[in-house]
Amino acid sequence: MPATATSLKLPVQAESSRTTPAISLQQVGKSFGDFHAVKGLDLDIRTGEFFSLLGPSGSGKTTVLRMIAGFELPTSGRIELGGLDVTNAAPFERDVNTVFQDYALFPHLTVAQNVEYGLKLRKLPKAERARRVAEALEMIQLPQVARRLPSQLSGGQRQRIALARALVLRPQVLLLDEPLGALDKQLREQMQIELKAIQRDVGITFVFVTHDQEEALTLSDRVAVFNEGKIDQVGSPSDLYERPATRFVASFLGNTNLIEGALAQELTGSPALVSLRPEHIVVRPLESVQDSGTSAVTAVIEEIVYTGPTTRYMARTDHGTQLIVQEQNGASSAAAARGTRVRLEWPSRYNYTV
Amino acid sequence: MTALQTPPDTAAAPTRSTAPARNSLGDKISRYLYIRPKMRVTGLLLLPMLWLGVLYIGSLALLFITAFWTTDSFTSKVIPAFTLENFTEILTQPAYQATALRTIGIALSVTMLCAALALPLGLYMAKVASPKMRAVLAIGITLPLWAGYLVKVFSWRITFSTGGPLDWLLAPFGATGPGYGTAALVATLAYLWFPYMAVPVYSAFRQIPDNLFDASADLGAKSWATVRTVAIPLLKPAFIAGSIFTFSLSLGDYIAAQFVGGKTQVIGTVIASNINLNPPLAAAFGIVPIIVVVIYLFLARKTGALKAL
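Chains A and B, in that order, give the protein sequences. Under the numbering used here, the first residue of the first sequence carries the number 87, and numbering increases by one thereafter. Under the numbering used here, the first residue of the second sequence carries the number 14, and numbering increases by one thereafter.
There may be inaccurate statements among the hints.
Unchecked claim - With the Cβ distance kept under 7 Å, some of the chain A side facing chain B (calculated, not the full set):
| no. | residue |
| --- | --- |
| 1 | T173 |
| 2 | A175 |
| 3 | P177 |
| 4 | Q199 |
| 5 | Y203 |
| 6 | G204 |
| 7 | L207 |
Stated by the list, open to error - Result set (DSSO-like, lysine-lysine): computed pairs, CA atoms no more than 30 Å apart in a straight line:
| no. | chain 1 | residue 1 | chain 2 | residue 2 |
| --- | --- | --- | --- | --- |
| 8 | B | K235 | B | K145 |
| 9 | B | K315 | B | K249 |
| 10 | B | K51 | A | K209 |
| 11 | B | K235 | B | K140 |
| 12 | B | K235 | A | K206 |
| 13 | B | K140 | A | K209 |
| 14 | B | K315 | B | K90 |
| 15 | B | K249 | A | K206 |
| 16 | B | K51 | B | K41 |
| 17 | A | K206 | B | K140 |
| 18 | B | K165 | A | K206 |
| 19 | B | K145 | B | K315 |
| 20 | A | K125 | A | K206 |
| 21 | B | K235 | B | K249 |
| 22 | B | K235 | A | K209 |
| 23 | B | K165 | B | K276 |
| 24 | A | K282 | A | K271 |
| 25 | B | K140 | A | K212 |
| 26 | B | K145 | B | K165 |
| 27 | B | K140 | B | K51 |
| 28 | A | K282 | A | K316 |
| 29 | A | K125 | A | K316 |
| 30 | A | K212 | B | K249 |
| 31 | A | K125 | B | K140 |
Said to hold, decoys possible - Quick list of simulated restraints, FRET-style, between CB atoms:
| no. | chain 1 | residue 1 | chain 2 | residue 2 | range |
| --- | --- | --- | --- | --- | --- |
| 32 | B | R314 | A | A213 | 48 to 54 Å |
| 33 | B | G71 | A | K206 | 53 to 59 Å |
| 34 | B | F311 | A | S162 | 57 to 63 Å |
| 35 | A | S143 | B | G177 | 58 to 64 Å |
| 36 | A | A213 | B | F311 | 37 to 43 Å |
| 37 | B | R49 | A | Q230 | 39 to 45 Å |
| 38 | A | A216 | B | T155 | 33 to 39 Å |
| 39 | A | S143 | B | P185 | 24 to 30 Å |
| 40 | B | T55 | A | A216 | 56 to 62 Å |
None of these hints come from the bench; they were simulated from the model. Each residue gets a CB set at the ideal place from its N, CA and C atoms; glycine is no exception.
Given these sequences and hints, build the entire structure.
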């Protein structure tokens with residue numbers, strides 16, 4: 087498959103093949119009856135990047151992934167893989183492979199047979215198949231389970247086998263549908279690091295679907311934030327976190343204080359929505375001197391939550407707006423008490439108008 | 014039990030719901046049995062075991078014994094004796110051998126036909142059909158079980174009759190139906206026993222997660238490759254469970270053979286024609302399908318498919 091894909095692509099776009107996106111969605115829409123799961127979507131995913139589709143459940147991110155894989159055909163628009171139109175191609179014609187949410191390992195085949203499955207369909211010689219299966223199991227550090235059945239493995243092991251089964255075919259693009267969703271927190275964090283390392287090693291474009299914003303920020307080169315069948319913003323993790331384009335992006339990625347109206351007017355000179363991250367604010371005594379280049383409001387501390395590494399304050403300003411403040415616990419902690427009037431202060435550059 | 018030791022004094026504990034005195038005969042029996050688990054199991058199984066032991070196993074044993082007896086060739090009267098003559102005759106006479114092999118062949122053909130029809134139907138019902146369509150088809154499949162056996166066989170007799178519906182249907186294509194014979198018998202038996210194959214195959218299909226089919230397509234399998242490498246292996250236990258019914262029921266049938274089989278003789282028809290003439294020979298021949306089914310079950314067990322039952 088990769089050979090034919092390149093040879094077909096070359097005559098058309100020989101020079102621009104470097105800049106041809108791995109995946110290109112053009113005005114892609116998908117409806118299920120009256121429900122419009124995906125609405126007129128445009129998206130380019132670059133070759134070799136770790137790209138996440140982030141959004142709450144029902145936002146259309148999984149439908150987009152399934153359309154790239156070919157499990158669903160779009161109602162409208164066009165999908166290109168490496169410059170080739172695959173809009174209506176069957177899954178077995180596309181040079182992409184998928185890691186499924188609940189792994190979808192074949193229960194009647196051993197681990198080695200599962201990994202070998204795609205190679206066998208490509209009619210590779212037996213010795214070649216055995217070598218590549220062994221390599222793939224080595225890569226995920228599970229060569230010892232080759233002869234076991236999937237039912238005899240733990241969740242984390244199954245997850246890695248699913249990864250090996252897809253990667254052994256060396257696709258142009260690997261699609262991952264919430265692959266870490268079923269794992270416990272500790273294992274999930276460990277797998278995140280491993281996934282990132284594997285992606286760097288194999289250099290394949292990864293498209294990763296998740297509803298976990300922290301996971302998306304940790305892993306991705308770029309993230310597309312989905313909201314009700316549309317993409318609100320595409321950008322690097324820091325772009326999205328520090329410069330959210332919409333109210334939805336600001337509130338979906340981490341905690342934020344959304345300030346509008348009179349207080350926004352006071353801070354930025356415009357009543358437009360301002361996003362202010364809790365960790366940028368510090369709590370200071372009223373009588374202290376305000377640093378230059380900072381914005382400040384006076385507020386009453388209503389609630390204090392100690393979380394270990396940080397302390398979170400819920401404070402209400404004189405305008406009646408509730409602000410959340412998150413401070414690192416350490417020497418500089420303000421240690422304000424509940425009910426006291428304090429000054430909340432932050433560098434003015436963090437007043438980000440959405 | 015402890016509640017019984019406290020006197021039924023309602024005034025002492027008005028709020029507590031103390032058990033009332035229970036000393037009826039039923040209570041006593043229950044109490045007696047409660048502490049004797051073996052007696053309870055005996056009571057539970059006594060009737061079914063009597064039924065199975067005396068009526069079922071007993072009659073089979075009688076059949077087996079009869080197979081060693083002989084008959085007076087003039088009066089057809091059964092003479093209790095011990096002889097292997099009946100078995101020698103069955104095993105050496107080419108006519109009996111051919112009949113036994115033909116019957117096994119018919120039973121296998123019926124089974125294959127049922128399996129071949131159940132696979133696409135099960136796929137459609139489990140993975141494609143709407144819930145409403147699924148219910149309609151489920152009723153449709155089990156419909157043959159609701160009508161009387163004789164009615165169904167008779168309707169197939171009419172279908173296959175010379176100049177009957179099938180001939181009429183095939184006439185525009187310049188063909189005629191097969192008429193009464195082996196082909197008609199296989200078709201009729203496949204119709205009769207199809208539900209026993211279709212129902213387990215359909216329910217097994219429903220248990221296969223959809224994403225296994227997505228996964229195989231994703232890894233490069235076209236539709237038939239997916240059916241061959243994913244669906245059929247996962248449905249194997251269902252096929253084997255269904256085949257036990259289609260195979261053994263076909264092996265034992267003789268009414269369908271009489272109605273639509275034409276000149277085709279099967280084990281059942283041979284037994285039926287000997288049942289008054291030479292009961293010991295009929296009994297000996299009757300043991301053949303039992304042995305074949307036992308062998309079939311043994312082979313089925315070896316595949317591991319029966320563990321799921």
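Verification of the hints:
1. Residue-level restraint check for A:T173 is violated (minimum Cβ-Cβ distance to chain B is 17 Å; threshold 7 Å).
2. Proximity of A:A175 to chain B is violated relative to the hint, the smallest CB-CB distance being about 11 Å (cut-off 7 Å).
3. Annotation: A:P177 was flagged as interfacial toward chain B, and the flag holds, the nearest CB pair being 4 Å apart, inside 7 Å.
4. Look at A:Q199: its Cβ only gets to about 10 Å from chain B, farther than 7 Å, so that hint breaks.
5. For the restraint placing A:Y203 at the interface with chain B, the shortest Cβ-Cβ distance is roughly 5 Å, inside the 7 Å limit, so the hint holds.
6. The criterion of a C-beta within 7 Å of any C-beta in chain B is met by A:G204, whose closest approach is roughly 4 Å, and the hint holds.
7. The restraint placing A:L207 at the interface with chain B holds, with a minimum CB-CB distance near 4 Å, inside the 7 Å limit.
8. Distance restraint check for B:K235 and B:K145: the Cα-Cα separation of roughly 29 Å lies within the 30 Å cut-off, and the hinted pair is therefore satisfied.
9. Between the alpha carbons of B:K315 and B:K249 the distance comes to roughly 13 Å, so the proposed pair stays at or under 30 Å and holds.
10. With a C-alpha separation of about 61 Å, the suggested pairing of B:K51 with A:K209 is violated against the 30 Å cut-off.
11. For a cut-off of 30 Å, the pair hint linking B:K235 to B:K140 stands: about 17 Å separates their Cα positions.
12. As the CA atoms of B:K235 and A:K206 are separated by approximately 13 Å, the hinted pair is consistent with the 30 Å bound.
13. Between B:K140 and A:K209 the CA atoms are separated by roughly 29 Å; this keeps the pair inside 30 Å, and the hint holds.
14. In summary, the hint linking B:K315 to B:K90 is not supported, as the alpha carbons are separated by about 44 Å, beyond the 30 Å threshold.
15. Note on B:K249 and A:K206: the hinted pairing holds, with a Cα-Cα distance of about 22 Å set against a maximum of 30 Å.
16. The suggested pairing of B:K51 with B:K41 holds, with an alpha-carbon distance near 17 Å, which does not exceed 30 Å.
17. A distance of roughly 26 Å separates the Cα atoms of A:K206 and B:K140; the hinted pair therefore holds under the 30 Å criterion.
18. Between the alpha carbons of B:K165 and A:K206 the distance comes to roughly 47 Å, so the proposed pair goes past 30 Å and is violated.
19. Simply put, B:K145 and B:K315 have alpha-carbon atoms about 38 Å apart, too far for the 30 Å limit, and the pair is violated.
20. As the CA atoms of A:K125 and A:K206 are separated by approximately 38 Å, the hinted pair breaks the 30 Å bound.
21. For the suggested pair B:K235 and B:K249, the alpha carbons sit about 20 Å apart, so the restraint of at most 30 Å is met.
22. With a CA separation close to 13 Å, the supplied pair B:K235 and A:K209 stays within the 30 Å bound.
23. A threshold of 30 Å between alpha carbons decides the hint, and for B:K165 with B:K276 the separation of about 20 Å falls inside it, so the pair holds.
24. The hinted pair formed by A:K282 and A:K271 meets the criterion: a straight-line CA distance of about 17 Å does not exceed 30 Å.
25. Simply put, B:K140 and A:K212 have alpha-carbon atoms about 34 Å apart, too far for the 30 Å limit, and the pair is violated.
26. In summary, the hint linking B:K145 to B:K165 is supported, as the alpha carbons are separated by about 27 Å, within the 30 Å threshold.
27. In summary, the hint linking B:K140 to B:K51 is not supported, as the alpha carbons are separated by about 48 Å, beyond the 30 Å threshold.
28. A threshold of 30 Å between alpha carbons decides the hint, and for A:K282 with A:K316 the separation of about 27 Å falls inside it, so the pair holds.
29. Distance hint between A:K125 and A:K316 is fulfilled; the C-alpha atoms sit about 6 Å from each other, no more than 30 Å.
30. For the proposed pair A:K212 and B:K249, the alpha carbon gap of about 26 Å is at most 30 Å, so the pair holds.
31. For the proposed pair A:K125 and B:K140, the alpha carbon gap of about 27 Å is at most 30 Å, so the pair holds.
32. In this structure the hint that B:R314 and A:A213 lie 48 to 54 Å apart at CB is violated, the actual value being about 37 Å.
33. The hinted window of 53 to 59 Å between B:G71 and A:K206 holds, with their beta carbons roughly 55 Å apart.
34. Restraint check, B:F311 to A:S162: a C-beta distance of roughly 59 Å satisfies the suggested window 57 to 63 Å.
35. Checked against the given bound of 58 to 64 Å, the beta carbons of A:S143 and B:G177, roughly 60 Å apart, stay inside it.
36. Our hint of 37 to 43 Å for A:A213 and B:F311 holds, since their Cβ atoms are close to 39 Å apart.
37. For B:R49 and A:Q230, the hinted distance range of 39 to 45 Å is not satisfied, since their beta carbons lie about 52 Å from each other.
38. Hint check: A:A216 to B:T155, Cβ distance near 48 Å, so the stated range 33 to 39 Å is violated.
39. As the Cβ distance of A:S143 to B:P185 is approximately 57 Å, the hint placing it in 24 to 30 Å is violated.
40. Between B:T55 and A:A216 the CB atoms are about 59 Å apart, so this pair conforms to the stated range of 56 to 62 Å.
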